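Protein chains in written order, with our numbering: chain A, 1 to 437; chain B, 1 to 437.
Derived from the structure by calculation, the hints contain no laboratory data. Predicted, not measured: the structure shown is a model, and the values here were computed from it. Any given hint might turn out to be false.
[Stated by the list, open to error] Chain A stretches covered by chain B per the calculated footprint, using a threshold of three residues with CB under 8 Å from any CB of chain B:
1. 74-82
2. 130-142
3. 154-167
4. 224-231
5. 252-266
[Claimed, not checked] Some chain A residues near chain B, calculated using beta-carbon distances under 8 Å:
6. I32
7. H38
8. Q39
9. L90
10. L146
11. P148
12. E213
13. N314
14. P316
15. G324
Every residue, glycine too, gets a C-beta built ideally from N, C-alpha and C.
2 protein chains.
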Amino acid sequence: MKAEIIAVGTELLLGHVINTNAAEIARMLAEIGIGVYHQTVVGDNEDRLARAITTAIERPDGIDLVILCGGLGPTEDDLTRETLAAVLGLPLERNAEWTQHLHELFEKRRRDLGHPGGSGSGADLRGNDLPRNNLRQAMVPKGATLLPNTRGSAPGIYLHQERLTFVLLPGPPEEMRGLMREEVIPRLARHLGQNGGEAVLVSRVLRVTGIGESRVAELLAPLLEGQTNPTIAPLAHPGEMHLRITAHASDRERALDLNEKVARRIYAVLGEAIYGEDEQTLEAVTGELLLKQGMTLALAESCTGGLLSHRLTNVPGSSRYLLGSIVAYSNGLKQSALAVPGELIAREGAVSAPVAEAMAQGALALCGSETALAITGIAGPGGGTEEKPVGLTFIALAEGEHLESHRYRFSGEREEVKRRAAQAALELLYRHLSQRP
Amino acid sequence: MKAEIIAVGTELLLGHVINTNAAEIARMLAEIGIGVYHQTVVGDNEDRLARAITTAIERPDGIDLVILCGGLGPTEDDLTRETLAAVLGLPLERNAEWTQHLHELFEKRRRDLGHPGGSGSGADLRGNDLPRNNLRQAMVPKGATLLPNTRGSAPGIYLHQERLTFVLLPGPPEEMRGLMREEVIPRLARHLGQNGGEAVLVSRVLRVTGIGESRVAELLAPLLEGQTNPTIAPLAHPGEMHLRITAHASDRERALDLNEKVARRIYAVLGEAIYGEDEQTLEAVTGELLLKQGMTLALAESCTGGLLSHRLTNVPGSSRYLLGSIVAYSNGLKQSALAVPGELIAREGAVSAPVAEAMAQGALALCGSETALAITGIAGPGGGTEEKPVGLTFIALAEGEHLESHRYRFSGEREEVKRRAAQAALELLYRHLSQRP
């Protein structure tokens, strides 16, 4: 099946609300092997909505599933139900059960609001019948199925018409999500089964660090060029690259197999540049290595200002291996907390390999950890000299008696330098731990 | 002008990445009076991208601005530049300056990676020329203007063709945002001016902290309801609220005047809840107060894990007042570095007001600063109890003999609790410093 998602709402079009629904629906459809070929956003405007529906129906790539999300509310500008019925030439029929349900819902709300001292909306509602507009929510195009919504007053709608399937969903994310999970996905999966379509679509993400986007593209060019099934989509992140492999197949086993074949070829080319898969972050993978090897970690950060510590502590349970970080921004704190000799700072400068090494040893001693990372550099924009320019950074790693340090020159603005330095330090520790015999 | 935004990328279509760019572009266009009428998402597929461009051009509502975002990278599946040129029948020409720039960028990256002892990636790159694919980023459709990108290798493209304007932007949000602000919006505003639109449009942002979104909306309801010129757009950020006031006028003076009148009314309602304007962040404003009052600051962070320190050190020049942070994730480090008595932790628990206060005093003593902030809490998801649930946080502020602490209960997941705790601590210091006589 080929799907189009039409999100309805002027607030989406103007950017006041971010269209998270479309992404979430697309991911849910992918799980049962339905690919999304188009996403559109249209405002609360009858003509444009009607044209968006017509465009979807007439697409030359043969869309056969149209999901409309939003515009099922009780206000005047909620038009999705009526517009779809008009485009398809179907009359709207009142659903007796949902009408009854709406009456009960309204009665209950009125009782709940009938507390003393209630002002405004509560008082306005008392003594009124169910507003006429709310009753529109019980209307269903002839031949369609009403999908009961347990989280709100707008039900979903599911409609097969010749080669096309239409699904209408309310816009609030938790209502959309509930209806998709409980009503729509099971129906679509059944429909696919009956029609013998491609049953599944499975993705796998390989996460790469320490190698640039264009270099990855070049190394993988022979693989990327011929890709059809699975597809390989490279995506750049700060200091990282994610390669998403996606296979279509008749069942999950076969899709996993297809992905595995391509993944093996990518591993053969990129090797240890791949540090993890799927949702594994570099901080989580490094944390697992620490845990597995029974090691604790201490940090001494200067130019990264706590960012490395922040990233590591984003991982739940990181307190099991991360003892802490000394963000020694001042030279005084480098001396008092990390016991870096003042004369070393005076002789070598705070941004130097010997000071980075002394910071790592100081963190090890203060925290009593097995390993330590230290970072000292010039994040900019000020503070650079010809000899020591902005972006110059030294990173040291200590483990017991073992001590190593490296020199880097990062480009970019202040926050970018911080990000790249934190990533490089994390990568250094990851490589150190993963290469241990 | 009527705009359509076409976001390009299979990762968007499949929902692996949420389309925040379209919303952000729509909001920026609205500020200069351009309405977005359609948003579309299309995958990295030449035929479908070409059809999406054609559809935009042929819309019956007369779209005259088409913004394409994404697909300008160096990999094989980045097709936006080539596809637009093909649809419009324009040849691509090499931009000499950007070609030179790409060579320099690549040369610089190669040098930066050339540190001794570096393994893998660094060595692989040495001796290679600029990859052929990267050079595609210097190609521009005939008659178009190249918009230099200071944050990445893909430049933007700006093209007028008869009644239509096309803008091409790279997909990474910070690159898109930079080019929109610095290149696209000024050009579009000039273009609108030449075509008889309102000559200027001036925005001013009031930044609010310590008061919820719905409370702000309630307090400002009378002002928000009648707004036409200037408009007032409230935008929620984690722990903050930004109110963007935007006036259209024939000249800058008049627009500033209109904004000033509305700003005064907002200040009268929200008063000291407004901590800054425009690009001033809470960390920058607080830093300025520290500088002005000749004070230095030390931090003791537990549950925020370095985030507060990271935020403060994002401000250029913060080393003049921030001495450092002790991220005391383990109880051992709370004792060894911050001199928190072990029996106090045993008696009160690490997450308690007395421990927060002792941490603040310890940071003051260790760093020799005039002020200190300390944060201890339970970020979750584990570690909560009935008595001390996830989200419970204590924040202490010390200045010489002055010592105060506050209890909070933050909602949300781990990273959200960290964010809210860091914001609350910063706000506490800001209020303390700003209320000094």
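Checklist line | Earlier hints that do not hold, by number | finding: 1, 2, 3, 5, 6, 9, 10, 11
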